[in-house]
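Kindly generate the complete structure, drawing on both the sequences and the hints.
Be aware that the sequence shown starts at 1, since it is given in UniProt numbering, and climbs by one per residue.
Derived from the structure by calculation, the hints contain no laboratory data.
Given the structure is predicted, the values throughout are model-derived calculations rather than measurements.
Among the hints, a few may not be true.
Said to hold, decoys possible - Lysine-lysine pairs mimicking PhoX-like chemistry, simulated, CA-CA at most 20 Å apart:
#, residue 1, residue 2
1, LYS253, LYS327
2, LYS405, LYS331
3, LYS253, LYS275
4, LYS331, LYS341
Claimed, not checked - What follows is a list of derived Cβ distance ranges for each label pair:
#, residue 1, residue 2, range
5, TRP30, ASP322, 30 to 38 Å
6, ARG432, ASP131, 52 to 60 Å
7, LEU212, ASP284, 47 to 55 Å
8, PRO325, GLU257, 21 to 29 Å
9, GLY259, LYS15, 47 to 55 Å
10, GLU301, ASP357, 39 to 47 Å
11, PHE14, ARG371, 27 to 35 Å
12, SER354, HIS85, 38 to 46 Å
13, GLN264, GLY398, 47 to 55 Å
14, LYS327, GLU301, 34 to 42 Å
15, GLU257, ASP131, 26 to 34 Å
16, ASP284, THR433, 43 to 51 Å
17, HIS85, GLY431, 56 to 64 Å
All residues carry an ideal CB built from backbone N, CA and C; glycine is no exception.
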Amino acid sequence: MQYANEKLKEEKVFKDPVHRYVHVRDRVIWDLIATKEFQRLRRIHQLGTTNLVFHGAEHSRFNHSLGVYEIVRRIIDDNFSGRPHWNGSERLVTLCAALLHDLGHGPFSHAFEKVFDLDHEYYTQQILLGDTEVNAVLRRVSEEFPRKVADVIGKTYPDKLVVSLISSQIDADRMDYLQRDAYFTGVSYGHFDMERILRVMRPEEDQAVIKLSGMHAVEDYIMSRYQMYWQVYFHPVSRSAEVILVKILQRAKFLSEEGYTFKQDPVHFRSFFGKSIDLQEYLDLDEYILMTYFQMWMKEEDEILADLCDRFVNRRLFQYIDFNPAKEYRKLGELETLFRKAGIDPDYYLVVDSSSDLPYDFYRPGEEEERLPIHLLMPDGELRELSRESDIVDAISGKRRTDHKLYFPENLLREGRKKKVFRQQILDILGRTEGRE
Numbered sequence: 001m002q003y004a005n006e007k008l009k010e011e012k013v014f015k016d017p018v019h020r021y022v023h024v025r026d027r028v029i030w031d032l033i034a035t036k037e038f039q040r041l042r043r044i045h046q047l048g049t050t051n052l053v054f055h056g057a058e059h060s061r062f063n064h065s066l067g068v069y070e071i072v073r074r075i076i077d078d079n080f081s082g083r084p085h086w087n088g089s090e091r092l093v094t095l096c097a098a099l100l101h102d103l104g105h106g107p108f109s110h111a112f113e114k115v116f117d118l119d120h121e122y123y124t125q126q127i128l129l130g131d132t133e134v135n136a137v138l139r140r141v142s143e144e145f146p147r148k149v150a151d152v153i154g155k156t157y158p159d160k161l162v163v164s165l166i167s168s169q170i171d172a173d174r175m176d177y178l179q180r181d182a183y184f185t186g187v188s189y190g191h192f193d194m195e196r197i198l199r200v201m202r203p204e205e206d207q208a209v210i211k212l213s214g215m216h217a218v219e220d221y222i223m224s225r226y227q228m229y230w231q232v233y234f235h236p237v238s239r240s241a242e243v244i245l246v247k248i249l250q251r252a253k254f255l256s257e258e259g260y261t262f263k264q265d266p267v268h269f270r271s272f273f274g275k276s277i278d279l280q281e282y283l284d285l286d287e288y289i290l291m292t293y294f295q296m297w298m299k300e301e302d303e304i305l306a307d308l309c310d311r312f313v314n315r316r317l318f319q320y321i322d323f324n325p326a327k328e329y330r331k332l333g334e335l336e337t338l339f340r341k342a343g344i345d346p347d348y349y350l351v352v353d354s355s356s357d358l359p360y361d362f363y364r365p366g367e368e369e370e371r372l373p374i375h376l377l378m379p380d381g382e383l384r385e386l387s388r389e390s391d392i393v394d395a396i397s398g399k400r401r402t403d404h405k406l407y408f409p410e411n412l413l414r415e416g417r418k419k420k421v422f423r424q425q426i427l428d429i430l431g432r433t434e435g436r437e
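Put into structure tokens, the structure is as follows:
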């Protein structure tokens, strides 16, 4: 167990725009950061396509992972240490899980997972348990240590307090990404008083709770999250880029299955197209490689793939209108027919995209995606669920908001010289007769 307790001769720090400094004293953490699997996160954007809207959003999952680690380190070392319900022997596994929680994200994570039916948490666990440099570091602590870290990330670890620090409705993951994403996008919505929350956070048997005196800071945190989702994460222009990204990958996959001969063999995608993905092949793929393929595919003979890649690389995105699938399904069917008559494939150029978020929810046992609520620690020691004390949180609890957009290539409809009658009919239905940005 000597390696588990080994400290660096001198504390290492990373200068950080959100937390000022990220502090590392543990040899295990320092060695994990140096592994090639963790360094790969430098080549995965934290916000996917959002940098096409908020140009400063170039930060990576590497930045975010260090930030989550730092928040957890502060909670444990500066607040929980020596308090009832906190087991000091869980310190290292908690820090490692915080650092490594996003290790399995692929390039443009959510779009990539959607097309190839992947789960980044599964791949995070596979990296921890497989033949990797990360696994080799963790096994130096003990043979069972990689499994312990994987169980924390998989939410099956016996100590639920440890799990709650990494994954809950008020966890280190959310507290970092809200502030970090706000900083790099330049918006003001994601800022809240994290210092206050950390000061009033207390360990309980199954989760971290917040003293009643910190309730207003938590209200601010929840409203910050709400605003960030609708103003940044679900921004309709960013979603347009992601729609195109999904269609690129779907088209490339379809062409591969049809036996199409690419000018440049997409060797990095072969296992993904074939659905037998090797862990090393998964790790070999990052956003730099994807963008290289997109630039090559702009010169492909397949017009759809070439056009979609040109749109993504050069930010020639789809336009959009508000759309209600439940009430306007006949309009969608009519548009699909007209698109085909106009010689435009609606499978790639007419897309309904929906975004939905539940900013906070109380405990609903037995429901899918069951959420553990935030609890307040009252002066008499009683725990009370947040929405019972906060009118602000009560007003939004359990209320899911959903937004639907219909995406389409307006320039293609306007500039096409063939079958103009059908193209004009499409524009009329979409309400784009005059044209607008």
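Hint check results:
At most 20 Å may separate the alpha-carbon atoms for a hinted pair to count; LYS253 and LYS327 exceed this at roughly 32 Å. A distance of roughly 13 Å separates the Cα atoms of LYS405 and LYS331; the hinted pair therefore holds under the 20 Å criterion. The straight-line distance between the Cα atoms of LYS253 and LYS275 is roughly 11 Å, inside the 20 Å bound, and the hint therefore holds. Between LYS331 and LYS341 the alpha-carbon distance is near 15 Å, which keeps this suggested pair within the 20 Å criterion.
A C-beta distance of roughly 50 Å is found between TRP30 and ASP322, which places it outside the suggested range of 30 to 38 Å. Taking the beta carbon of each, ARG432 and ASP131 are about 54 Å apart, inside 52 to 60 Å as hinted. Judged by the Cβ atoms, the range 47 to 55 Å given for LEU212 and ASP284 holds: they are separated by roughly 50 Å. The hinted range of 21 to 29 Å is satisfied by PRO325 and GLU257, whose Cβ atoms lie roughly 28 Å apart.
Separated by about 52 Å at the C-beta atoms, GLY259 and LYS15 satisfy the suggested range of 47 to 55 Å. GLU301 and ASP357 have their C-beta atoms about 41 Å apart, which keeps the hinted 39 to 47 Å range intact. For PHE14 paired with ARG371, a C-beta distance near 32 Å keeps the hint of 27 to 35 Å intact. For the pair SER354 and HIS85, the beta carbons lie near 41 Å from each other, so the given range of 38 to 46 Å is met.
For GLN264 and GLY398, the hinted distance range of 47 to 55 Å is satisfied, since their beta carbons lie about 50 Å from each other. About 41 Å separates the C-beta atoms of LYS327 and GLU301, a value consistent with the hinted range of 34 to 42 Å. Between GLU257 and ASP131 the C-beta distance comes to about 30 Å, which sits within the given range of 26 to 34 Å. Look at ASP284 against THR433: about 48 Å separates their beta carbons, and that is inside 43 to 51 Å.
Between HIS85 and GLY431, the C-beta spacing of about 58 Å keeps the proposed range 56 to 64 Å intact.
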